[in-house]
Structures are given as C-alpha cells and as structure tokens.
Amino acid sequence: DSGVTQTPKHLITATGQRVTLRCSPRSGDLSVYWYQQSLDQGLQFLIHYYNGEERAKGNILERFSAQQFPDLHSELNLSSLELGDSALYFCASSPLRAGELFFGEGSRLTVL
Amino acid sequence: GEDVEQSLFLSVREGDSSVINCTYTDSSSTYLYWYKQEPGAGLQLLTYIFSNMDMKQDQRLTVLLNKKDKHLSLRIADTQTGDSAIYFCAESKEPGNMLTFGGGTRLMVKP
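So the protein lines, in turn, are chains A and B. With the working numbering applied, the first sequence has no gaps in its numbers, which climb one by one up to 373 at the end. With the working numbering applied, the second sequence has no gaps in its numbers, which climb one by one up to 132 at the end.
Heads up, none of these hints are tricks.
Where chain B lies over chain A, by a calculated footprint (3+ residues, C-beta under 8 Å): (1) 300 to 307; (2) 362 to 368.
Result set (DSSO-like, lysine-lysine): computed pairs, CA atoms no more than 30 Å apart in a straight line: (3) B:114 x B:89; (4) B:57 x A:270; (5) B:88 x B:114; (6) B:88 x A:318; (7) B:131 x B:77; (8) B:77 x B:114; (9) A:318 x B:114; (10) B:91 x B:114; (11) B:91 x A:318; (12) A:318 x B:57.
No wet-lab data here; the hints were simulated from the structure. Cβ coordinates follow ideal geometry from the N, Cα and C atoms, glycine included.
So here's chain A without its partners, still in its complex pose (with noise of 0.2 Å):
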C-alpha cells in the first residue's frame, strides 16, 4: 500500500459526459502528480500541483484540469469525453526527496 488513494477505481461513462476523479496524497506529501497511461501512448504526465498551486504541465489536454485542495486532496476533471480519453489515471504524490513519487492504484475510465 503505498498510501496513495484514488477513487473511484473504475468508472464507466458514454461520450460527451464529465467525470471527476479523486486523488489523496500521502500523508505530509504536498506535491500531486497525474498521469494518464494507455496502450498507445504509455505514461504520459498530465499535471503537477504543489501545495495547491500548478507547477507544471504535461500532454493535458484543454477538456482536462485539475486543482489541489487546502487539505491537500487533488481532483482530476475530464470533460467531453471521448472514446479515446479511455485509460488508466494515475495519482502519485512525492515527498521531494529524490524525486520518487508513490503512485495510487489508478483509476480505470472506460468511455463508451
């Protein structure tokens, strides 16, 4: 368990619907990163939030944001969805040591 939790773990939904997925940090981890992983594009980094603000972005497309909470939370909001946006997203939160982030199980979107 790496004590990253992300919610819900699988979720279906049709095209042109939004969904938002739900992401908690480690415990005292105040960076949050997203990344979406399919079968044709692999990893790919979407976002990356510090202590509430944005810090970088990565292959995040306009239909998608995200925002970090005061308590540290992170929401990951998809929009018009579309049958390719189907993949597995990933949470992973760092505590800035070295860089190494622990990731949470995912959540497996499935667009229909």
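Following the hints, position chain B against chain A.
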C-alpha cells in the same frame, strides 16, 4: 522521438538473471528510476540512481548507469515468478520534477 526507450518484452527462466535495458536522450537527466507495475496495480518504486553514480546494488537488484551512452540497466538476480511484471525506466531533472517514463518492459518468468 521518445525521451526514454525500452524494449517491449523479456522472457527468462526462473532462477536465471534478468537484464532490462533503457536508453534516454536528455543528458541533463539527474535521477534515473526503475518502477515495477504488477497487473491491476499502480507503479511501485524499486530503486533509483543519481547520474553521478555508475552502479547501485540493492539485494537482488543491480542498476548500472553508463552516462556517456545514456544507458541504464536493471539486473534482477535469481529471477522468481513473482518478478513477472512490467518494468518502467524513468528520468527526472531534479527532485520534485515530473518523471518521464519509458514505454515499459514486460518481464515474463517461466517456471
């Protein structure tokens, strides 16, 4: 092109050594990592190495870094069936930066 590359698949027999290779393109990569992903699970950090090191050993795991060739390898001694998983190589420029992952190498261990 990809920043971090790995071969897709490796098959070994139980008890043999496994060597998983990775190449990266960015010479400013400072930290290099190996993560393991078992089916249905998240990524688990196995080990990491700083770019000023050549080798790091941790029980059955040995990491070798050739900075000149930008080549990283992970050797697993006495490979067990429980080592079957996908292994990801990753790099970052400094602590707290995002990690760039390779495509992963699927290791299959045959009994």
